[in-house]
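Student: Sequences are here, hints too, so could you generate the full structure?
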Amino acid sequence: MKVLSPLRVFVARLWWLPARRRVLDDVTEELEGHVELLVARYIHSGMDPYEARLAARRQLGNTTHVREAIYTMHTPMDALIHDFSGAARHLRRNLRVVGVAVLILGLGIGSATAVFSVSERLLLRPLPYPDSARLVTLRSISPDPAFPYERAAAGTLADWQIESTLFEAIAGYRWHTIDVVGGGHSERLRGLFVTPEFFDVFGVPLVGRGFQAEDRGTRALVLGYEVWRRRFGAATSIVGGALDLNVRNLTRVGPTRHTVLGVATAPVRFPPVTADFQLGLASVVDTIDFWTPEFVSPTGPREPSAREFDVVGKLRPGVTVEQAQREMDTIARGQAERYPKTHRDWTVRVDPLQQHVASDARHGVMLLSLGTGLLLLIACANVATLLLARGAARHREVAIRAALGAARWRIVRQFLMEALILATAAGVVGIILTKWAIALARPWLPASRPVLQEIDFNPTVLFFALMCAAFTACVIGIAPALRSARANGGRLTGNEGRGVTLSGAQTALIRVLVSAEVALTLVLLLSAGLLLRSALAASQIAPGFNPSNLLTMTVSLPENKFDWNHNAVFARDVIDAVRSLPVIRDAAVIQGVPMREGSFYHSGTIEGYVPASDAEEPMWRIRVVSPGYWDVIQIPILAGRKLEARDEEGERGRPRSIVASRSFANRYWPGQNVVGKRVGVDLARMGLSAAPQTWWMTVVGVAEDVRYSGLEADPTVDVYYPQSLFPQAAITLIARTRGDPLNVASEVRTRIRAVDPDAFVTDVRSMDQLIARSQAERRAGTLLMGLFSVLALVLAVFGVYTVITQAVVERRFELGIRSALGAAPRRLVALAMRTAVQPAIVGLAIGVVGATAVTRLMTSALFGITSSDAISWAGACAMILVACVVAGYVPARRAARVDPMSVLRAE
Amino acid sequence: MAKGTGPVKTDVLQGTLDLMVLTTLQSMGPLHGYGLARRIEQISEATLRLNDGTVYTSLMRLQQRGWISTTWGTSENNRKAKYYAITRSGRRQLTTETKNWERIAGVIARLLSTVHPS
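Protein chains in written order, with the working numbering: chain A, 1 to 907; chain B, 1 to 118.
None of these hints come from the bench; they were simulated from the model. Be careful, since some hints might not be right.
To be verified - Stretches of chain B that chain A covers, calculated by requiring three or more beta carbons in the stretch to come under 8 Å of a beta carbon on chain A: (1) 31-38; (2) 58-64; (3) 77-86.
Quick reminder that beta carbons are idealized off the backbone N, C-alpha and C, glycines included.
Tutor: Below, the structure is given as structure tokens:
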């Protein structure tokens, strides 16, 4: 108190009318009473009434001054502090209950905040570009669901740029790598081909300049910040100078001279929608190493196979996405009319760029958020039940205070203050738990999504935690406060005086709360069960090959160090070098390895297949493989033969023999004998001929499907090309090892470097790792949901336990009488149990309704089962029923052992 | 207390009044405002001509510091009246204040004895 004393006096003056008015009314009443006493005294000593009153007033003095003084003394802080100390005193006397309540609520708040920190990073944090709210993606949507192209061709993009009016600028870009060779420190830089508008759209700060029309045809470059700093010491002298860089150059071998037009003075991250199919997906946390120019014009190509640009536009200030969408719809219709062969039935979609950050994870994150929301509600219901059950003992205190004239509002305020203190403590616990969770979970976060490493505890997350605490305070404070506000002091001598019974309304409220808890728990358990079954189903999918002891790594030569054809030779040398290692059973290469995104498309004509419409062009994914591929990875051949060494001979880009996958055969030649059929491609489109010329390839075999895009995706429509005729800038080495693949990795790397010391070797992983990575997010989500539902179940059990205990205590008298009258203990247990099971059954019923609705939201997250999966439903309901019965059993047994004599005596 | 009644309106006087209220409440038990005013009048033998109203500001101050507590009851003329009682921290404060005063009184006594050697 000594500390608070100066605090009380030394406070800021704020206005709080009701309390102050009441105080003043009290004082006024006191003063009037005082006057009356004085008058009585004076009259008693002989004055006449009129004189007495005057004298009394005089003796009392200036009442206005008194009231003024008291007015300014009384601030809202006083009332608050009074309530606070009252609340704190009460809580201190019930530390066990307080501890349990704070722990439960802390868990609820902590889990909700932890999941929020994930959605904050993935969904809420704005993109790191100026005016990022005005950035939108323009995606070309194909009418063919099997190949949902979303990129634009050069001609299409140029049309958009010219015809649209609602954009400040529209930029197209695509992935690109440049190698810097030499000095014993070769490096592969990752950057973008961009149209000149890119720098304006993304607000890249430059020293020097970006690209202009006059740069067409030249080798120009803008350097990214990190590279500039790291390799060139951030010297501005490099602007305007020349750099020798290894890029594809069909005219000569070796580095090509580039002019550095500018450098970026800040790191710029890759836009969310970019992919490098040769080297793996760009993560949104990578920064751009360089930009090279790309110029588009309306005379450029428009075919689906030429669709290579990701497009981002910056809206003019004040333009909405809907307006832009309408304009683009009009433009798309115009294009469909002018170019029916390439644009018919193609649409354009305009979306905010922000949405593409982790777009595939949005749904999952929202499900998890819903889960923790439910858990928080359950925790609140649980603690409210606890407080209500405890509140029975306080009924007497409240009744006495009310009888003595304490304002109801004042009593309610104290209960609200208690709830506030509890919620604040729980908030602190929750914040600590969240920080721990973030720190501990970091190494376990799916590595396939590096952006998750940027989750941290920042002010937004803190704000969310405080909001949760406030919400909690409201929920747990309302119920007891409302009950107390209706306290009727006059019934002190009634049943309530005994101090342990609850009013009928309070009991009903507790039952409702427990039912609500059970319902919410059912939803959580069911969701977790469905996710678990999905994860199990997914992990049991056969990938189509033998994944054990397979080592994979991406291998590439610096671009243009040799003639393009040398890549094929390099690949063969690498295979031979690696095969010679005794620890390697077999090795092969592929471009487009399983379990990792990234393969190219080809389109063309298929002999004997007539497309359904003019706009449809048969397409397939290319897998460029060495002859040993099928043996190494152990894919069964269903018809015909594999590609062999003899198929590797021929002219570059003109393979004679190919192998098709089963899906390809079923799609284009259903039910027919496939071996011997032919597939044609246009050499002009591949840049191998000036005029259009169809080159026919013969299918020599059909291979079993492989789930290249992941266990859960459909098998892809693949065609295998021989690798020597289709040299690739980057290939994946696949090797079957004896023993753990990762132990062998460094030896393999050394062998590859021996073939060429400048070779880049990256992404070294075992196939098991790749499969695990592809399943990592599903597993993480399932694990979390499982954790939440277990917590919820524990809380629900605790809630039921509380209810039964309270009911038993309440009905001790009745139970005692029954026992005295000879009721069998079993009947007493059954009686008590009925009180437990009733809210549980009601809760289950409500829960079933709620769960049906909620699980429908989950369908896209499920795999292999539907949301009405019988096993999950049965399991969840059974678990809850069993849990409730067990929870009720212990206190119910206590009911049976009630000693009738002690009960009767107590009454 | 009327304004402008000279230099007596100081915090020292405020503090003294507070002290008197506390002492009275401790020795006489719970009292209402009127009873306190009369008692203080008695003790100070009417040397302190205070208006009764100042007692109420003093009581409010003490209440805010947590040194007295209040309950509603009935007065002699059957009106509702607020009764004030000293609290535990009030008693502690009183002990401290008393010690302070005694110390000061001791110092002054010694001082005066040097001036008037007896």
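Student: A separate judgement is required for each hint: does it hold in the structure or not?
Tutor: Structure-based check of each hint:
Using a Cβ-Cβ cut-off of 8 Å, 4 residues of the segment 31-38 of chain B lie near chain A, which meets the minimum of three, so the contact claim holds. Under the rule that three or more residues need a Cβ within less than 8 Å of chain A, the assignment of the segment 58-64 of chain B holds, with 3 such residues. For the segment 77-86 of chain B, the proposed coverage by chain A is satisfied: 5 residues have a C-beta within less than 8 Å of a C-beta in that chain, meeting the threshold of three.
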